[in-house]
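**Student:** Just so you know, the protein sequences line up as chains F and E, in that order. If you're matching positions, the first sequence starts at 1 in the numbering used here and goes up one per residue. If you're matching positions, the second sequence starts at 152 in the numbering used here and goes up one per residue.
By construction, these hints were calculated from the structure, which means they are not laboratory data. We treat Cβ as the ideally placed atom computed from N, Cα and C, and that holds for glycine. A couple of the hints might just be wrong.
Said to hold, decoys possible - With beta-carbon atoms standing in for the labels, derived distance ranges: (1) F/GLY94 with E/ALA156: 52 to 58 Å; (2) E/LEU169 with F/GLY93: 49 to 55 Å; (3) F/ARG69 with E/GLU197: 39 to 45 Å; (4) E/ALA228 with F/PHE96: 47 to 53 Å; (5) E/ARG214 with F/TRP87: 16 to 22 Å; (6) F/ILE106 with E/ARG214: 51 to 57 Å; (7) E/VAL154 with F/ARG69: 53 to 59 Å; (8) F/VAL144 with E/THR189: 39 to 45 Å; (9) F/VAL144 with E/ILE159: 36 to 42 Å.
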Amino acid sequence: MKKKYGSSVLDISFRIITPFTLIYGVYVYLNGEISPGGGFQAGALLAVGVVLARLIMGAENKIYNVSGRSAVILAGVGTFIYALTGWVTMLRGGKFLDYGFLPFAIGSHGGHMWPALHATGILFIELGVTLCVMMTIIDILDVVVERTDIE
Amino acid sequence: MRVLATIILFIVTSVFCLNVTDLPVIGDPDSAPNSHVTPHYIEFSEEDTGSPNIVTGVLADYRGFDTLWETTVMFIAGLTAVIILSKNREERFLKKKKGDKK
Numbered sequence: 001m002k003k004k005y006g007s008s009v010l011d012i013s014f015r016i017i018t019p020f021t022l023i024y025g026v027y028v029y030l031n032g033e034i035s036p037g038g039g040f041q042a043g044a045l046l047a048v049g050v051v052l053a054r055l056i057m058g059a060e061n062k063i064y065n066v067s068g069r070s071a072v073i074l075a076g077v078g079t080f081i082y083a084l085t086g087w088v089t090m091l092r093g094g095k096f097l098d099y100g101f102l103p104f105a106i107g108s109h110g111g112h113m114w115p116a117l118h119a120t121g122i123l124f125i126e127l128g129v130t131l132c133v134m135m136t137i138i139d140i141l142d143v144v145v146e147r148t149d150i151e
Numbered sequence: 152m153r154v155l156a157t158i159i160l161f162i163v164t165s166v167f168c169l170n171v172t173d174l175p176v177i178g179d180p181d182s183a184p185n186s187h188v189t190p191h192y193i194e195f196s197e198e199d200t201g202s203p204n205i206v207t208g209v210l211a212d213y214r215g216f217d218t219l220w221e222t223t224v225m226f227i228a229g230l231t232a233v234i235i236l237s238k239n240r241e242e243r244f245l246k247k248k249k250g251d252k253k
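Generate coordinates for the entire structure from the input sequences, incorporating the hints supplied.
**Tutor:** Structure (structure tokens):
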């Protein structure tokens, strides 16, 4: 294994810990409705993966990186996905965030439509929460680093 | 001023201490938090929300509106940090000032 990132500690962190943190973050998000956990924790884990990669590689990190500007935009997109789920259910005749009125369901809960629709709604809003939390952590890091470069 | 603050602190502390005895006993099945909607959540959470985990069911489904604004607060916090600390904004601001002088 060629050493590319300085010492072997940084090498192992970058090659092994960062990808596993990201995969674990995705797992926590997808498993959020079944086990304790969910959007907030998954977002924090995904952000830790990106922050770790950035700490090791610095500015020339091209593999696991989100630029500050797109992080701000994606944080807004995450919040918008959450609100959009509410609006979709409203447009289809339900109340705000009444997941029983969603147009489709992912998976089936033993053929029962109502729990499947609600699980789909939870999945969508947690996607929004995950994006928002992850990108907020990254963009705070980004502006703080940017500010340290000036002075 | 110090004396006044001490007196107010004493009064507030004694009010809190007196009210502690009126709090429900921990684990009391007839207390207000354990008798209003909690039994419904425990009984029907899985068929209502499709989530085997009651905490997620309450957080994302029964209390979904609350979580929406929680997310919005987080987004606004990040946006505020960006607005205050951003380099681009400072540059733009300084350029505008120079333009005014010209």
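**Student:** Would you mind marking each hint as holding or not holding in the structure?
**Tutor:** Checked hints:
Checked against the given bound of 52 to 58 Å, the beta carbons of F/GLY94 and E/ALA156, roughly 53 Å apart, stay inside it. Checking the proposed 49 to 55 Å range against E/LEU169 and F/GLY93 shows it holds: the Cβ atoms sit about 52 Å from each other. Our hint of 39 to 45 Å for F/ARG69 and E/GLU197 holds, since their Cβ atoms are close to 42 Å apart. For the pair E/ALA228 and F/PHE96, the beta carbons lie near 23 Å from each other, so the given range of 47 to 53 Å is not met.
Between E/ARG214 and F/TRP87 the beta carbon distance is about 18 Å. The supplied range of 16 to 22 Å therefore holds. At roughly 22 Å, the beta carbons of F/ILE106 and E/ARG214 sit outside the given window of 51 to 57 Å. In this structure, E/VAL154 and F/ARG69 meet the distance hint of 53 to 59 Å, their C-beta atoms being roughly 56 Å apart. For the hinted restraint 39 to 45 Å between F/VAL144 and E/THR189, the CB-CB distance of approximately 42 Å keeps it satisfied.
The hinted range of 36 to 42 Å is satisfied by F/VAL144 and E/ILE159, whose Cβ atoms lie roughly 40 Å apart.
Hints 4 and 6, counting from the list given before, are not met by this structure.
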